[in-house]
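Participant: Going line by line, the protein sequences match chains S and D. Counting in our numbering, the first sequence runs from 1 upward without gaps. Counting in our numbering, the second sequence runs from 1 upward without gaps.
In case anyone wonders, no lab produced these hints; they're calculated from the structure. Be aware that one or more of the hints could be misleading.
To be verified - Mimicking BS3-like on lysine-lysine, the simulated pairs with C-alpha atoms at most 27 Å apart in a straight line are:
| no. | chain 1 | residue 1 | chain 2 | residue 2 |
| --- | --- | --- | --- | --- |
| 1 | D | Lys57 | S | Lys71 |
| 2 | D | Lys42 | D | Lys83 |
| 3 | S | Lys71 | D | Lys83 |
| 4 | D | Lys57 | S | Lys42 |
| 5 | D | Lys57 | D | Lys42 |
| 6 | S | Lys56 | S | Lys71 |
| 7 | D | Lys42 | S | Lys68 |
| 8 | D | Lys57 | D | Lys78 |
| 9 | D | Lys57 | S | Lys56 |
Unchecked claim - Just so you have them, the derived chain S footprint on chain D, three or more residues with Cβ under 8 Å:
| no. | segment |
| --- | --- |
| 10 | 44-52 |
| 11 | 55-61 |
| 12 | 94-102 |
Bear in mind that the values here come from a model prediction, so they are computed numbers and not experimental data. All C-beta atoms, glycine included, are put in the ideal place defined by N, C-alpha and C.
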Amino acid sequence: GESVGLHLPTLSVQEGDNSIINCAYSNSASDYFIWYKQESGKGPQFIIDIRSNMDKRQGQRVTVLLNKTVKHLSLQIAATQPGDSAVYFCAEGNNAGNMLTFGGGTRLMVKP
Amino acid sequence: EPEVTQTPSHQVTQMGQEVILRCVPISNHLYFYWYRQILGQKVEFLVSFYNNEISEKSEIFDDQFSVERPDGSNFTLKIRSTKLEDSAMYFCASSEEGYGYTFGSGTRLTVV
Chain S
1 GESVGLHLPT LSVQEGDNSI INCAYSNSAS DYFIWYKQES GKGPQFIIDI
51 RSNMDKRQGQ RVTVLLNKTV KHLSLQIAAT QPGDSAVYFC AEGNNAGNML
101 TFGGGTRLMV KP
Chain D
1 EPEVTQTPSH QVTQMGQEVI LRCVPISNHL YFYWYRQILG QKVEFLVSFY
51 NNEISEKSEI FDDQFSVERP DGSNFTLKIR STKLEDSAMY FCASSEEGYG
101 YTFGSGTRLT VV
């Protein structure tokens, strides 16, 4: 079946560097994409979202890029901090938001 | 900041027993969801609930599962006869308009 997946299971970066976490999706009908951060023992925390009619959206220190041609989604974190260490999930939404399909997650480790 | 509250944080039950997981969604939200995450795996959709009825459910959400909004504040997930493979983190989420979910911190269900 169609699914959302991640290229890299673990990403290790130096504090202060920029991080890029990637995600591939295969359902061309998806019209909404979200990045979540999950810290140990906690639920997914919303970071940023983007609709399919956009290709870029910026938040505070984060940017999401959407390339519909190759069905690719990325999360860029500027000036990565130790508090950014977590597992990051991309998710796709369809059916008017009735459900999200999550990717497998990428663990971001920030070295001081 | 408004939160989705889940209780208990950890539930241990014997195989075959019924469990009820409880959630208090954000008060002005209209859409409610249950997801689960088996240890080390993806977050998986179980069910969405809107206007006092199920709007979408996954293959995981079989006859052993049910949801209820017994009053104006609680949203519950019941598993009638638990199996070992039901052991997972169960996350409740709510949203105002079908997107932009807020997740709770989860209930860890351990079936022994």
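Participant: Does each hint hold? Answer for all of them.
Facilitator: Hint-by-hint comparison with the structure:
no. : hint                 : verdict
1   : Lys57/D with Lys71/S : holds (25 Å)
2   : Lys42/D with Lys83/D : holds (19 Å)
3   : Lys71/S with Lys83/D : violated (37 Å)
4   : Lys57/D with Lys42/S : holds (24 Å)
5   : Lys57/D with Lys42/D : holds (17 Å)
6   : Lys56/S with Lys71/S : holds (14 Å)
7   : Lys42/D with Lys68/S : holds (23 Å)
8   : Lys57/D with Lys78/D : holds (14 Å)
9   : Lys57/D with Lys56/S : violated (31 Å)
10  : 44-52                : holds (count 4)
11  : 55-61                : holds (count 3)
12  : 94-102               : holds (count 7)
The structure fails hints 3 and 9 (numbered hints given earlier, in ascending order).
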